[in-house]
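A.B. asks: Protein chains in written order, with my numbering: chain A, 1 to 292; chain B, 1 to 269.
Worth flagging that the hints you see were computed from the coordinates, not collected in a lab. Treat the hints loosely; a few may be bogus.
Unchecked claim - Quick list of in silico lysine-lysine cross-link-like pairs, BS3-like style, CA-CA up to 30 Å:
id: 1; chain 1: A; residue 1: LYS132; chain 2: A; residue 2: LYS204
id: 2; chain 1: A; residue 1: LYS288; chain 2: B; residue 2: LYS260
id: 3; chain 1: A; residue 1: LYS204; chain 2: B; residue 2: LYS178
id: 4; chain 1: A; residue 1: LYS101; chain 2: B; residue 2: LYS3
id: 5; chain 1: A; residue 1: LYS288; chain 2: B; residue 2: LYS178
id: 6; chain 1: A; residue 1: LYS101; chain 2: B; residue 2: LYS98
id: 7; chain 1: B; residue 1: LYS98; chain 2: A; residue 2: LYS288
id: 8; chain 1: A; residue 1: LYS103; chain 2: A; residue 2: LYS4
id: 9; chain 1: A; residue 1: LYS285; chain 2: B; residue 2: LYS100
id: 10; chain 1: A; residue 1: LYS103; chain 2: B; residue 2: LYS98
id: 11; chain 1: B; residue 1: LYS231; chain 2: A; residue 2: LYS204
id: 12; chain 1: B; residue 1: LYS2; chain 2: A; residue 2: LYS285
id: 13; chain 1: A; residue 1: LYS101; chain 2: B; residue 2: LYS256
id: 14; chain 1: A; residue 1: LYS204; chain 2: B; residue 2: LYS3
id: 15; chain 1: B; residue 1: LYS231; chain 2: A; residue 2: LYS132
id: 16; chain 1: A; residue 1: LYS98; chain 2: B; residue 2: LYS3
id: 17; chain 1: B; residue 1: LYS231; chain 2: A; residue 2: LYS168
id: 18; chain 1: A; residue 1: LYS168; chain 2: B; residue 2: LYS98
id: 19; chain 1: A; residue 1: LYS168; chain 2: B; residue 2: LYS178
id: 20; chain 1: A; residue 1: LYS202; chain 2: B; residue 2: LYS260
id: 21; chain 1: B; residue 1: LYS3; chain 2: A; residue 2: LYS202
id: 22; chain 1: B; residue 1: LYS2; chain 2: A; residue 2: LYS202
id: 23; chain 1: A; residue 1: LYS98; chain 2: B; residue 2: LYS231
id: 24; chain 1: A; residue 1: LYS204; chain 2: A; residue 2: LYS103
id: 25; chain 1: B; residue 1: LYS2; chain 2: A; residue 2: LYS4
id: 26; chain 1: A; residue 1: LYS98; chain 2: B; residue 2: LYS2
id: 27; chain 1: A; residue 1: LYS98; chain 2: B; residue 2: LYS100
id: 28; chain 1: B; residue 1: LYS2; chain 2: A; residue 2: LYS103
id: 29; chain 1: A; residue 1: LYS101; chain 2: A; residue 2: LYS132
id: 30; chain 1: A; residue 1: LYS4; chain 2: B; residue 2: LYS3
id: 31; chain 1: B; residue 1: LYS178; chain 2: B; residue 2: LYS256
id: 32; chain 1: A; residue 1: LYS288; chain 2: A; residue 2: LYS202
id: 33; chain 1: B; residue 1: LYS100; chain 2: A; residue 2: LYS101
id: 34; chain 1: B; residue 1: LYS231; chain 2: A; residue 2: LYS103
id: 35; chain 1: A; residue 1: LYS168; chain 2: B; residue 2: LYS100
id: 36; chain 1: B; residue 1: LYS98; chain 2: A; residue 2: LYS4
id: 37; chain 1: A; residue 1: LYS103; chain 2: B; residue 2: LYS100
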Amino acid sequence: MQNKTISAYFFLAPALMAIFVFFFIPVIAAFIISFTDFDIYSLSNYGNARFVGFDNYLRLFYDPLFWTALQNTFYFVIVSAPLSIMVSLTAAIMLNSKLVKFKSLFRLNFFIPVITTLIAVAIVWRFIYHPKFGFLNYTLELVGIESIDWLGDPNFSMPAIIIMSVWKNFGYNMIIFIAGLQNIPEYLYEAAEIEGATGFQKFKFITIPMLAPTTLFVGIITMIGYFQLFAEPYIMTQGGPLNSTLSIVQYMYQEGFRWWNMGYSAAIAFVLFAVIMIGTIIQMKIQKNANV
Amino acid sequence: MKKITLHIFLIIAGLLTLAPFIWMVSASLMNDGHASVYPPRFFPDEVTFIQFERLFSRLSVSRNLLNSVIVSFLVTFISLIFNSMAGYAFAKYRFAGKDKLFSLLLSSMIIPAQVTMLPLFLMLKSFGFINTYLAIIIPGMANIFGIFLIKQYAMSIPDSIIESARMDGASDFQIYWKIILPLCTPILVTLAIFTFMGTWNDFLWPLIALTDSSMYTLPVALANLMGEHTKDPELMMAGSVITIIPIIIVFLALQKYYIKGIMMGSVKE
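All chains, full assembly: derive it from the sequences and hints.
C.D. replies: Okay, structure coming up:
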């Protein structure tokens, strides 16, 4: 350990200045803006913005479109986060099996969607979901299911986005779960086998509890990422049909950068932040209680 | 028996995972209208590169490709230097408020980037940086997760190496540049891929900060193209191929480092 404060600050300065000026100051500024009526007239002259107290937050409370966006985002997070974690865990357990050959090849295969550009794959999926020419409906018809207007029917638009998101993201958590599984000591399973435990019992009493910290981590990062849903609906549905896929971030983007209602938009951003923070705290609490 | 079932299942799941990409590549090689037929074609009747020609000649996608390459490289390069310097300081120096500072940084990772975008836009606009490369580079210059990764790695470097270099008369900067950085190569590669791919794939901020189509990065250009060409799947698939191929190449070349980075990031404390 070196005790040379000046050198330390020299090394820290560039990164910390960048983070301070282009991250912390904007966060504080956004918080202030959320209490003003900053709009397109203030854009040319900041002096036109006035403090309005909690008006933006009150307006949000009475804004049906905001509640729709919030509801849609929760729908998306509550369904796709557990779903993609389950798919990730299943894939990880299968790939961790001693029976499997070519593990790294399968792992690579499942991981490809994670690294690819979201916008590009959303475009691909938009055509896969095409009601007339899309592959999904064609395949469904082969097994006798009537074709679905995936992106045009408000009942199916969100499920369509959820399916795509699970496909796109499960590989990431799969990798983390594989690492978690490899950290479980082998002797636990051996001991359980001697006691005559079945495969399911081993899963329930060894794998699940031993993976708990990994699952908490995965749960939190997945939830944080999913609350920021934006590009998928932007490309595939533009928030439609009938606002059935309008997300919080898209509403924030529209209000802020299309209509330049920046005060209002900043308030939306802070609601998103609050939601993410509460979600994280709840998950940590649940985990803590489970451990006691 | 169990072994065969498991493999069959994995192969089917693997093919399903890849199917959208296979169709993407194959539709990008089709003539106009050939991907809009019933029943859908999985493979082109005859292979044509007309969609790619159109993208590069008429729709000037080469410019967008160039933009993506330039900003991704610059952000990666600058942030590697900034993050490694800060990570090294956190790992190997003692100074007042270090632990508090580090935990402040870590806990602020929970703040979603969207919160910063409005003021950041106003700030960069007042500097005249909106619709320039700087609008993308500046917010990406340093990254808390990157500092964290470097710090974790640099802590494993023995102090004795640094001390003996100091005995030999090396300055602080020489130690960082000639000893620490080479020793940190694996984590630097990891961080480089993360940053490069993150910048390449980023959408919301470039959508906000780049206002002119000649400045668009590929994802923004693609989204814009989608607005005008909803009925041209062949053309759009060619655009998607151009966007995805470079990232797949980078990933395949360095996947070992990328996977390690995910695992390191998931190990707490």
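A.B. asks: For every hint, state whether the structure bears it out.
C.D. replies: Going down the list of hints, with the structure as the test:
{"no.": "1", "hint": "LYS132(A) x LYS204(A)", "result": "violated (44 Å)"}
{"no.": "2", "hint": "LYS288(A) x LYS260(B)", "result": "holds (28 Å)"}
{"no.": "3", "hint": "LYS204(A) x LYS178(B)", "result": "violated (51 Å)"}
{"no.": "4", "hint": "LYS101(A) x LYS3(B)", "result": "holds (9 Å)"}
{"no.": "5", "hint": "LYS288(A) x LYS178(B)", "result": "violated (45 Å)"}
{"no.": "6", "hint": "LYS101(A) x LYS98(B)", "result": "violated (47 Å)"}
{"no.": "7", "hint": "LYS98(B) x LYS288(A)", "result": "holds (28 Å)"}
{"no.": "8", "hint": "LYS103(A) x LYS4(A)", "result": "violated (48 Å)"}
{"no.": "9", "hint": "LYS285(A) x LYS100(B)", "result": "holds (23 Å)"}
{"no.": "10", "hint": "LYS103(A) x LYS98(B)", "result": "violated (42 Å)"}
{"no.": "11", "hint": "LYS231(B) x LYS204(A)", "result": "violated (50 Å)"}
{"no.": "12", "hint": "LYS2(B) x LYS285(A)", "result": "violated (39 Å)"}
{"no.": "13", "hint": "LYS101(A) x LYS256(B)", "result": "holds (19 Å)"}
{"no.": "14", "hint": "LYS204(A) x LYS3(B)", "result": "holds (22 Å)"}
{"no.": "15", "hint": "LYS231(B) x LYS132(A)", "result": "holds (12 Å)"}
{"no.": "16", "hint": "LYS98(A) x LYS3(B)", "result": "holds (9 Å)"}
{"no.": "17", "hint": "LYS231(B) x LYS168(A)", "result": "holds (24 Å)"}
{"no.": "18", "hint": "LYS168(A) x LYS98(B)", "result": "violated (38 Å)"}
{"no.": "19", "hint": "LYS168(A) x LYS178(B)", "result": "violated (40 Å)"}
{"no.": "20", "hint": "LYS202(A) x LYS260(B)", "result": "holds (28 Å)"}
{"no.": "21", "hint": "LYS3(B) x LYS202(A)", "result": "holds (19 Å)"}
{"no.": "22", "hint": "LYS2(B) x LYS202(A)", "result": "holds (18 Å)"}
{"no.": "23", "hint": "LYS98(A) x LYS231(B)", "result": "violated (48 Å)"}
{"no.": "24", "hint": "LYS204(A) x LYS103(A)", "result": "holds (24 Å)"}
{"no.": "25", "hint": "LYS2(B) x LYS4(A)", "result": "violated (61 Å)"}
{"no.": "26", "hint": "LYS98(A) x LYS2(B)", "result": "holds (12 Å)"}
{"no.": "27", "hint": "LYS98(A) x LYS100(B)", "result": "violated (44 Å)"}
{"no.": "28", "hint": "LYS2(B) x LYS103(A)", "result": "holds (16 Å)"}
{"no.": "29", "hint": "LYS101(A) x LYS132(A)", "result": "violated (39 Å)"}
{"no.": "30", "hint": "LYS4(A) x LYS3(B)", "result": "violated (59 Å)"}
{"no.": "31", "hint": "LYS178(B) x LYS256(B)", "result": "holds (25 Å)"}
{"no.": "32", "hint": "LYS288(A) x LYS202(A)", "result": "holds (23 Å)"}
{"no.": "33", "hint": "LYS100(B) x LYS101(A)", "result": "violated (47 Å)"}
{"no.": "34", "hint": "LYS231(B) x LYS103(A)", "result": "violated (40 Å)"}
{"no.": "35", "hint": "LYS168(A) x LYS100(B)", "result": "violated (37 Å)"}
{"no.": "36", "hint": "LYS98(B) x LYS4(A)", "result": "holds (13 Å)"}
{"no.": "37", "hint": "LYS103(A) x LYS100(B)", "result": "violated (42 Å)"}
The structure is inconsistent with the numbered hints 1, 3, 5, 6, 8, 10, 11, 12, 18, 19, 23, 25, 27, 29, 30, 33, 34, 35, 37, although it conforms to all the rest.
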